[in-house]
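Heads up: the protein sequence lines correspond to chains A and B, in order. Adding 1 to a residue's 1-based position in the first sequence gives its number in this note's numbering. Adding 600 to a residue's 1-based position in the second sequence gives its number in this note's numbering.
The hints are simulated quantities; they were obtained by calculation from the structure and are not laboratory data. Careful: at least some of the hints might be erroneous.
Said to hold, decoys possible - Computed, partial: chain A to chain B, Cβ under 7 Å:
(1) T21
(2) P45
(3) F101
Stated by the list, open to error - Once the Cα atoms are required to be at most 16 Å apart in a straight line, the calculated EDC-like pairs of lysine to aspartate or glutamate come out as:
(4) K60(A) to E701(B)
(5) K669(B) to D659(B)
(6) K106(A) to D638(B)
(7) K671(B) to E653(B)
(8) K4(A) to D659(B)
Here a beta-carbon is modelled for each residue, glycine too, at the ideal position from N, C-alpha and C.
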Amino acid sequence: SQKIEQNSEALNIQEGKTATLTCNYTNYSPAYLQWYRQDPGRGPVFLLLIRENEKEKRKERLKVTFDTTLKQSLFHITASQPADSATYLCAWAGSYQLTFGKGTKLSVIP
Amino acid sequence: EAQVTQNPRYLITVTGKKLTVTCSQNMNHEYMSWYRQDPGLGLRQIYYSMNVEVTDKGDVPEGYKVSRKEKRNFPLILESPSPNQTSLYFCASRADRTTGELFFGEGSRLTVL
Numbered sequence: 002s003q004k005i006e007q008n009s010e011a012l013n014i015q016e017g018k019t020a021t022l023t024c025n026y027t028n029y030s031p032a033y034l035q036w037y038r039q040d041p042g043r044g045p046v047f048l049l050l051i052r053e054n055e056k057e058k059r060k061e062r063l064k065v066t067f068d069t070t071l072k073q074s075l076f077h078i079t080a081s082q083p084a085d086s087a088t089y090l091c092a093w094a095g096s097y098q099l100t101f102g103k104g105t106k107l108s109v110i111p
Numbered sequence: 601e602a603q604v605t606q607n608p609r610y611l612i613t614v615t616g617k618k619l620t621v622t623c624s625q626n627m628n629h630e631y632m633s634w635y636r637q638d639p640g641l642g643l644r645q646i647y648y649s650m651n652v653e654v655t656d657k658g659d660v661p662e663g664y665k666v667s668r669k670e671k672r673n674f675p676l677i678l679e680s681p682s683p684n685q686t687s688l689y690f691c692a693s694r695a696d697r698t699t700g701e702l703f704f705g706e707g708s709r710l711t712v713l
């Protein structure tokens, strides 16, 4: 079965630095990958989608890359702020389903 | 306001007492899905529906039922809840059957004693 691995359970970073989160998958390349943000006790909120034929996507301070050779997506937050502290989920898109990684809890320290 | 609404948000029940968690979306979305989230296991899909009267199993369907009689509603039914179904449940929807962002509800925290 498809496995999605987000390498770090938790990541601490100083305010102003760039946070980089990793998502690796096994077996098949997805049609696309998605990244979500989840705050404690809340539902995940969509951030970015990147398709298999795209190398990079940007949205404001967020950037996602997709390397099908490495079977990896990287999620970057530049100029990180304490308000960026949350759990970030990677999701692999199959035919009709999304398979989620367990998430990386990001803490941005002032 | 575009949203996915789940009820109840919190519920404590006892083993074997049937319960239903409702989910409704006001965005005319084709696709709806249920997930459960457990510490250390992440979000796992229970069931999904691509259209009215079309439902299919996700990764962890045992002990659950769903129905999709109307486009906007996708209730999750626990016929005989057990303690291992204690979890945080999320309903989600998206416009397209096969692609696009998921819109999640606020979650339903269920405790089965």
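Hints and how they fare:
| no. | hint | in the structure |
| --- | --- | --- |
| 1 | T21 | 20 Å, violated |
| 2 | P45 | 5 Å, holds |
| 3 | F101 | 4 Å, holds |
| 4 | K60(A) to E701(B) | 15 Å, holds |
| 5 | K669(B) to D659(B) | 22 Å, violated |
| 6 | K106(A) to D638(B) | 15 Å, holds |
| 7 | K671(B) to E653(B) | 9 Å, holds |
| 8 | K4(A) to D659(B) | 12 Å, holds |
Checked against the numbered hints above, the structure violates hints 1, 5; every other hint is satisfied.
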